[in-house]
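Q: Sequence:
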Amino acid sequence: MPARSHPDPSRPPRSQPAVDVGRAARCTEAIRDIAEDFVVRAEELLHKTHNPDTPATDLAVTVAKLSQLAEEAAAALVVRQRSQGKPLKELTPSLGFTEDRLRKKYNPHAVDLKLASRTRPRPELPGSRLPEDTSGPPSPKNRLREPGQRLACALTLMRAQSRVSQRVLAGRMRIDPSYVSRILSGEREASWQHVLAICEFCNGDSALMKPLWEAAANVPPSGGDPTHYLHTYLRALRYAASSPSTETILTSTQNTITAADLRQALEGPGTPAWHVVRKLTNALWGLPEITRPLWRRATACTESSIPAEAFG
Numbered sequence: 016m017p018a019r020s021h022p023d024p025s026r027p028p029r030s031q032p033a034v035d036v037g038r039a040a041r042c043t044e045a046i047r048d049i050a051e052d053f054v055v056r057a058e059e060l061l062h063k064t065h066n067p068d069t070p071a072t073d074l075a076v077t078v079a080k081l082s083q084l085a086e087e088a089a090a091a092l093v094v095r096q097r098s099q100g101k102p103l104k105e106l107t108p109s110l111g112f113t114e115d116r117l118r119k120k121y122n123p124h125a126v127d128l129k130l131a132s133r134t135r136p137r138p139e140l141p142g143s144r145l146p147e148d149t150s151g152p153p154s155p156k157n158r159l160r161e162p163g164q165r166l167a168c169a170l171t172l173m174r175a176q177s178r179v180s181q182r183v184l185a186g187r188m189r190i191d192p193s194y195v196s197r198i199l200s201g202e203r204e205a206s207w208q209h210v211l212a213i214c215e216f217c218n219g220d221s222a223l224m225k226p227l228w229e230a231a232a233n234v235p236p237s238g239g240d241p242t243h244y245l246h247t248y249l250r251a252l253r254y255a256a257s258s259p260s261t262e263t264i265l266t267s268t269q270n271t272i273t274a275a276d277l278r279q280a281l282e283g284p285g286t287p288a289w290h291v292v293r294k295l296t297n298a299l300w301g302l303p304e305i306t307r308p309l310w311r312r313a314t315a316c317t318e319s320s321i322p323a324e325a326f327g
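Numbering of the sequence shown is given in this note's numbering, commencing with residue 16 and proceeding in unit increments.
Hint data in this document are derived by calculation from the structure and do not stem from the laboratory. One should not assume that every hint holds.
[Unchecked claim] Simulated crosslink set (DSS-like; lysine-lysine; CA at most 25 Å straight-line):
hint, residue 1, residue 2
1, Lys-63, Lys-80
2, Lys-120, Lys-80
3, Lys-101, Lys-119
4, Lys-104, Lys-120
5, Lys-104, Lys-129
6, Lys-80, Lys-119
7, Lys-101, Lys-120
8, Lys-129, Lys-119
9, Lys-101, Lys-129
10, Lys-104, Lys-119
11, Lys-101, Lys-63
The structure displayed is predicted, hence computed values, not measured ones.
Take the sequences, apply the hints, and build the full model.
A: Here it is in structure tokens:
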């Protein structure tokens with residue numbers, strides 16, 4: 016059995032941990048997302064405390080979620096520190112653990128997996144919260160931007176283009192016509208099986224519908240190239256908006272983006288700048304807080320660090 020090799024004694028010991036630029040970038044991204052989630056949960060807690068009758072158990076649930084976010088942020092921060100080749104002792108006073116404890120508590124691979132699988136709270140739409148002294152539905156204009164409504168609009172358009180009646184569609188899907196009606200109006204959440212069935216019977220593109228459904232169901236984006244996924248989601252938003260022309264879209268953005276910007280956002284190559292994605296999302300009745308994480312994923316897969324505009 017060959018003898019085990021040993022480090023060259025003439026070499027000085029490595030004083031800094033190995034640098035992992037990709038992991039550091041992912042942790043920076045995660046910290047940004049967690050910070051946004053803090054805002055959502057803090058507003059949720061604040062809203063609950065405005066009602067003196069809110070049970071303490073409800074408040075405790077939100078407090079526990081805030082505590083979990085703090086733990087996730089600490090994990091991402093420690094792993095980023097290590098991945099950037101910086102000493103953990105810089106974090107020990109703030110986090111209250113020794114270097115050894117931080118190293119053991121936050122294993123980079125385990126933290127990677129946990130951050131990749133975390134689910135995010137959905138922020139409340141601006142204007143959708145009702146004043147305390149009124150009752151009534153949220154603004155229809157705001158509701159139309161909800162992910163569930165964008166999916167419903169796309170499926171409704173698909174059915175209309177196919178000229179298959181709702182009753183015939185319900186018969187083929189073997190469900191009640193009223194159930195189909197509620198799915199197409201956005202009153203009822205559609206399962207992926209329902210979306211696939213509607214695409215099949217109405218000759219629709221299920222690959223185009225997948226990002227819309229995942230956004231509506233608040234599930235992580237599925238497989239594939241993140242850049243291609245972003246392009247597909249933006250094309251799906253365009254479809255749901257009844258496929259407006261290039262001229263109409265550019266006018267909606269007040270010509271703050273160009274036709275070339277639009278082509279890149281919808282077809283590629285590469286990832287467009289964030290201001291292009293944001294303007295296009297608004298023009299197509301989507302929500303920038305849905306497309307921003309998709310844009311970041313696409314950017315992160317092609318660059319070794321997060322661009323400055325991701326933080327702006």
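Q: All the hints need checking, so say for each whether the structure fits it.
A: Outcome of the hint check:
Annotation: proposed proximity of Lys-63 to Lys-80 holds, straight-line Cα distance about 14 Å (limit 25 Å). Taking the CA atoms of Lys-120 and Lys-80, the gap is near 20 Å; set against the 25 Å cutoff, the hint holds. Annotation: proposed proximity of Lys-101 to Lys-119 holds, straight-line Cα distance about 16 Å (limit 25 Å). Note on Lys-104 and Lys-120: the hinted pairing holds, with a Cα-Cα distance of about 14 Å set against a maximum of 25 Å.
At roughly 24 Å between alpha-carbon atoms, Lys-104 and Lys-129 fall within 25 Å of each other, so this suggested pair holds. Under the criterion of a C-alpha separation no larger than 25 Å, the hint pairing Lys-80 with Lys-119 is consistent with the structure, at around 24 Å. A C-alpha spacing of about 17 Å is found between Lys-101 and Lys-120, which places the hinted pair at or below 25 Å, so the restraint holds. The hinted pair formed by Lys-129 and Lys-119 meets the criterion: a straight-line CA distance of about 15 Å does not exceed 25 Å.
Note on Lys-101 and Lys-129: the hinted pairing holds, with a Cα-Cα distance of about 22 Å set against a maximum of 25 Å. Straight-line distance between C-alpha atoms of Lys-104 and Lys-119 comes to about 14 Å, which keeps the hinted pair within the 25 Å bound. A threshold of 25 Å between alpha carbons decides the hint, and for Lys-101 with Lys-63 the separation of about 41 Å lies outside it, so the pair is violated.
When held up to the earlier numbered hints, the structure conflicts with hint 11 and nothing else.
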